[in-house]
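A.B. asks: The primary structure of each chain is shown beneath.
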Amino acid sequence: MPSIIKARGLGFDYVKYTDESENAERVTAIREIDLTVEKGTFIAILGHNGSGKSTLAKHINALLVPTSGTMWVDGIDTAKEQDLWKVRQKAGMVFQNPDNQIIGTVVDEDVGFGPENLGIPTKDIWSRVDDALSKVGMLGFRDRSPNHLSGGQKQRVAIAGVVAMHPECIVLDEPTAMLDPNGRREVIEVIRELNQREGVTVILITHYMEEVTYADHVYVMDAGQVVMEGTPREIFAQAERLKELRLSVPQVTELAYELKKAGADLPDGVLTIDELVDALAPRSEQYADRA
Amino acid sequence: MGEISLGQYYPTNSILHRLDPRVKFIGTIVYIVSLFLVSGPVGYLCAALALFALVLLSKVPFRFILKSMKPIFFILIVTMLFNLFLTPGEELAHFLIFRITREGLVLALRMGIRLALLVMGSSIMTLTTTPNALTDGMERLFSPLKLIKVPVHEISMMMSIALRFIPILTEETDKIKKAQIARGADFDSGGLIKRLKSMIPLLVPLFVSAFRRANDLAMAMEARCYHGGTGRTQMKPLTYAKKDYCAYLITALFLALAIIFRVKGW
Ligand SMILES: Nc1ncnc2c1ncn2[C@@H]1O[C@H](COP(=O)(O)OP(=O)(O)O)[C@@H](O)[C@H]1O
Ligand SMILES: [Mg+2]
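Going line by line, the protein sequences match chains V and L. As numbered in my numbering, residues 6 to 296 make up the first sequence, in order. As numbered in my numbering, residues -8 to 257 make up the second sequence, in order.
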């Protein structure tokens, strides 16, 4: 399968100016990152605060340009200034705070903002906006003010704003961090549907472990580097290692892990409640017989 | 945490609501200019009648138009008093050091009528046009200024972003205020200086948050390929319809009438 995002030896330093010293201070946020994302896949990136997830995400959208190494989006080197808008059209970005990324004062105008910037003719903007809003299930809210929406709805509008630009890939930087459980579920459902039905490549940055279970491939970051990668099952099988990285595994996985440590006969990296029930089922039948 | 309504838009469906914002803007300017052109009673009567007709057309209840006078009521009275007492001329009456002259009376009345009509006239525009439409209209009207390097698009973008964020920041102010009150802050007692001082714990976090939001928003706009007004298309471009041309014609006739009144001194 062709790759949509490729990073080789990617590194980035923030330059900080402090009051005390004349000289700028350099903070290395990410270093030596290799990443290959295939078209149409669902990727999750995990890591505790300050591990460099946002910095990496901003490279995919060319909001930051690497200090060392190279990032390609659909074969385009993001460091090339003349292709900047092409990169940003191909790789859309959704941020954490829903309030701070909605520009329009009416829902449909906000979704139209990206296509307007791309210079799409008026008639096509309308069809793109209709299409994007219906894909995230917000068509009925098109004339509303974003201020009157719930957090989950605002985030879906933000996703529609990216979808209307017809991107190959959507990067979501902790899109559910400020939402309540309902809002979180709404947003994750929309993201999964976009990935499965529309074949949009998704890169989801999160620290909610439950959201990672849907991913095809997971990267775990720590101190600016990718320290683990694999399928969710492979990652969650290493519960101890995750704890070292100050990450927790989903509740079911944790339970299964503890049961296994206590001597139960269970597979590694149980992801869902159903899986755990199935794994435990033979024994519960035995108990039922005894009773 | 009520949504503050900027520019007091009154939502209903009238012919004035459906007019192009550019027409309404130009119409308002013409109306204001005519108020300063005419100077006789006939002229003012016509202007008042025109205003009355517009109010009827707009379907906005009259008390909303009157409400627009509230903020300037004080200024209006002061201006009228100054004109009344400080204009030299033929004396009509006096008490203590105050003298009322015929010229003063005429000037005060003229000033009062002009200001009142001006404010009510412009309120019709803001009552029938959403702030967003108004920003769009101004951007289009002033776009020739781009030739002399006035950043028209940027100013209009700034205005619409401000419109979007004012309710958010108002809500946030409210939250911070409550949080500070819970920590024992007192915003409502003491003299002016003390009250101003007590605003500091409110303003500092508000500014910090506003800057963070501005930073986030700028990034979100860039991520969605925003790069200024060049090469940008519009989802809802303004286009004139027949009724807009009619409105322009009426506006032009009104201006012509005002000029005639001026010449004749009516
Ligand atoms: N604008 C900035 N200026 C200086 N340092 C920054 C800036 N943004 C992030 N950093 C630093 O870069 C590192 C990675 O941050 P970030 O990518 O935001 O991590 P994450 O998104 O995983 O929380 C952190 O050590 C952080 O302090
Ligand atoms: Mg982050």
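Please note that the accuracy of each hint is not assured.
As the list claims (entries may be wrong) - Listed below are the simulated BS3-like cross-link pairs for lysine-lysine, each with C-alpha atoms no more than 27 Å apart in a straight line: (1) V:Lys128 - L:Lys61; (2) L:Lys234 - L:Lys140; (3) V:Lys63 - V:Lys91; (4) L:Lys61 - L:Lys50; (5) V:Lys128 - L:Lys234; (6) V:Lys140 - L:Lys227; (7) L:Lys169 - L:Lys188; (8) L:Lys166 - L:Lys140; (9) V:Lys63 - V:Lys128; (10) V:Lys128 - V:Lys11; (11) L:Lys227 - V:Lys91; (12) V:Lys85 - V:Lys44; (13) V:Lys21 - V:Lys85; (14) V:Lys128 - L:Lys233; (15) V:Lys63 - V:Lys11.
Stated by the list, open to error - Counterexamples of contact, computed for chain L against chain V with all Cβ distances above 12 Å: (16) Thr3; (17) Leu28; (18) Leu57; (19) Arg90; (20) Lys168; (21) Ala170; (22) Arg203; (23) Ala209; (24) Arg215; (25) Cys216; (26) Gln225.
Claimed, not checked - Restraint-style ranges between C-beta atoms, simulated for each label pair: (27) L:Ser189 - V:Glu239: 39 to 47 Å; (28) L:Ser30 - V:Trp90: 55 to 63 Å; (29) L:Gln(-1) - V:Val282: 55 to 63 Å.
Derived by calculation from the structure, the hints in this document are not laboratory data. Glycine residues also receive a C-beta, built at the ideal position from the N, C-alpha and C atoms.
A.B. asks: Run every hint past the structure and note whether it holds.
C.D. replies: Okay, the hints, checked on the actual structure:
| no. | hint | verdict |
| --- | --- | --- |
| 1 | V:Lys128 - L:Lys61 | violated (44 Å) |
| 2 | L:Lys234 - L:Lys140 | violated (33 Å) |
| 3 | V:Lys63 - V:Lys91 | holds (15 Å) |
| 4 | L:Lys61 - L:Lys50 | holds (20 Å) |
| 5 | V:Lys128 - L:Lys234 | holds (23 Å) |
| 6 | V:Lys140 - L:Lys227 | holds (22 Å) |
| 7 | L:Lys169 - L:Lys188 | holds (17 Å) |
| 8 | L:Lys166 - L:Lys140 | violated (41 Å) |
| 9 | V:Lys63 - V:Lys128 | violated (31 Å) |
| 10 | V:Lys128 - V:Lys11 | violated (35 Å) |
| 11 | L:Lys227 - V:Lys91 | holds (24 Å) |
| 12 | V:Lys85 - V:Lys44 | holds (22 Å) |
| 13 | V:Lys21 - V:Lys85 | holds (24 Å) |
| 14 | V:Lys128 - L:Lys233 | holds (22 Å) |
| 15 | V:Lys63 - V:Lys11 | holds (14 Å) |
| 16 | Thr3 | holds (16 Å) |
| 17 | Leu28 | holds (37 Å) |
| 18 | Leu57 | holds (27 Å) |
| 19 | Arg90 | holds (54 Å) |
| 20 | Lys168 | holds (19 Å) |
| 21 | Ala170 | holds (18 Å) |
| 22 | Arg203 | violated (8 Å) |
| 23 | Ala209 | violated (10 Å) |
| 24 | Arg215 | violated (4 Å) |
| 25 | Cys216 | violated (4 Å) |
| 26 | Gln225 | violated (6 Å) |
| 27 | L:Ser189 - V:Glu239: 39 to 47 Å | violated (57 Å) |
| 28 | L:Ser30 - V:Trp90: 55 to 63 Å | holds (57 Å) |
| 29 | L:Gln(-1) - V:Val282: 55 to 63 Å | holds (60 Å) |
Going down the numbered hints, you'll see the structure goes against 1, 2, 8, 9, 10, 22, 23, 24, 25, 26 and 27, while the others check out.
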